Amino acid sequence: MSAQSRRAVSARAGLLLLVAWLLSPVAAFAHTRGGEASGFLAGLSHPVSGLDHVLAMIAVGLWGAQLGAPAVWLLPVTFPMVMAFGGTLGLLGVKIPGIEIGIALSAIGLGAAVLFEARPKLGIAAVLVGFFAIFHGHAHGTELPAGANGVLYSIGFVIATGLLHATGIGIGLIHRWPAGRTVLRWAGAVVALAGLAFLWRALT
Amino acid sequence: MPPFLAHLMNTGLGPFYDGLAHLFVTPEDLLPVLALALLSGLRGPRFGRTSLFILPLAWLAGSVAGRLFGPHWAWPVVSAALTIVLGALVAADRPLPLSAVAGLAIALGLWNGSWNGIELARARAGTFGNGLGVACAIFAVVAIASALVASLRTPWTRIAVRVAGSWIAAAALFMLGWSLRPA
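Protein sequences appear in the order of chains A and B. Take the position in the first sequence, starting the count at 1, then add 49; the result is the number in the numbering used here. Take the position in the second sequence, starting the count at 1, then add 3; the result is the number in the numbering used here.
Bound conformation, chain A alone (with noise of 0.2 Å):
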């Protein structure tokens, strides 16, 4: 068997461990505490439960796609860690004023970001992207279902939230191409458009 053959099966031979380890039902050892059946699934499933929180996050990976490197990777590694800090504080209870605003705002921006094809230097493009991950992830602090296993949710979570961001990379990917660039273009109006919805939602 050649070497990459052999790192190609100990890759997926990883990826599986990896499955099967966040897949399995910790419930059911013996041990002190409850509340995991919910946990890592729960994690996995809350992003993708709002529409406003799945487009800023898909938004992010196009915006990151459209600049290149290092913003492709850089600004999917913000949000999470910065949405992770947001979270902290909702559940530390630290109230922050116009949450459902600063969320309906994070997709307008970062639609019009990928519409006008925006390039700011890295450092602001950064700042930006974490600015609006303190509203999402405060959010989902304080949405936290009550009796869920803390870390199991949070793996499943910041997990949900990074694979939203690399399926904006995935479809970002066609910004090679000229109609691609177009298209990404027109999907950041409507990430934008939607986000003037969600904005309406919240001001009425």
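To be clear, the hints were calculated from the coordinates, so they are not data collected in a lab. Note that the structure is predicted; figures quoted are calculated from it, not measured. All C-beta atoms in this analysis are idealised placements derived from N, C-alpha and C, irrespective of residue type, glycine included. Take the hints with a grain of salt, since some may be wrong.
Stated by the list, open to error - Derived coverage of chain B by chain A (criterion: at least 3 residues anywhere in the stretch with Cβ under 8 Å from a Cβ of chain A; other residues may be distant):
id, region
1, 156-170
2, 179-185
To be verified - Within a straight-line C-alpha distance of at most 20 Å, the following computed SDA-like cross-link-like pairs (lysine to any residue) qualify:
id, chain 1, residue 1, chain 2, residue 2
3, A, K170, A, P119
4, A, K144, A, A251
5, A, K144, B, R49
6, A, K144, A, H224
7, A, K170, A, A120
8, A, K170, A, W122
9, A, K144, A, G179
10, A, K144, A, L154
11, A, K170, A, F180
12, A, K144, B, L183
13, A, K144, B, P185
14, A, K170, B, A95
Got chain A sorted already, so can you dock chain B onto it with the hints?
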């Protein structure tokens, strides 16, 4: 109920195997171990070899110490904070002295190991056999993960490891929130 409590396994095969299985059903322990392994792997084989021996030994020492003195100095927030630091260091992928990584391995081993020891004391379970099982599991995880990461050559694979580090840090931030959450 505090969100940080060591999972006590009962495999029916004795304390060693209970300890061996413990790590894989306790994400609070597995995440920082994985983060340290990734960090060591990113920094190179010398760092990997250091963590490979220091972390399990420190964990075992922590288990014994936790069993003897634990409840007086146990503080779960520190465990989450250590995981955040380790995840963030993986994401940053900046040069670090070997002593810093060794120090982090000792701190993590002593702290999380002591939690294991406290839980074992509460359950009146055998500390040494159980701790030895956990230490062997940690040895295996660090050996596999750090060697895999140290062997990575293409830039995108290193980036994937850094992204994994950021995810660990983000999950640990949530863990911190859970541990501080008002009842």
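Hint-by-hint comparison with the structure:
1. 156-170: holds (count 5)
2. 179-185: holds (count 7)
3. A:K170 with A:P119: This hinted pair holds, its Cα atoms lying about 11 Å apart.
4. A:K144 with A:A251: holds, 17 Å
5. A:K144 with B:R49: violated, 46 Å
6. A:K144 with A:H224: Roughly 39 Å separates the two Cα atoms, so the pair is violated.
7. A:K170 with A:A120: holds, 10 Å
8. A:K170 with A:W122: Since the Cα atoms of K170 of chain A and W122 of chain A sit roughly 15 Å apart, the hinted pair holds (cutoff 20 Å).
9. A:K144 with A:G179: Status holds; Cα separation ~18 Å.
10. A:K144 with A:L154: This hinted pair holds, its Cα atoms lying about 18 Å apart.
11. A:K170 with A:F180: holds, 15 Å
12. A:K144 with B:L183: The given pair, whose Cα atoms are some 16 Å apart, holds under the 20 Å limit.
13. A:K144 with B:P185: Holds. K144 of chain A to P185 of chain B sits at ~14 Å (cutoff 20 Å).
14. A:K170 with B:A95: holds, 19 Å
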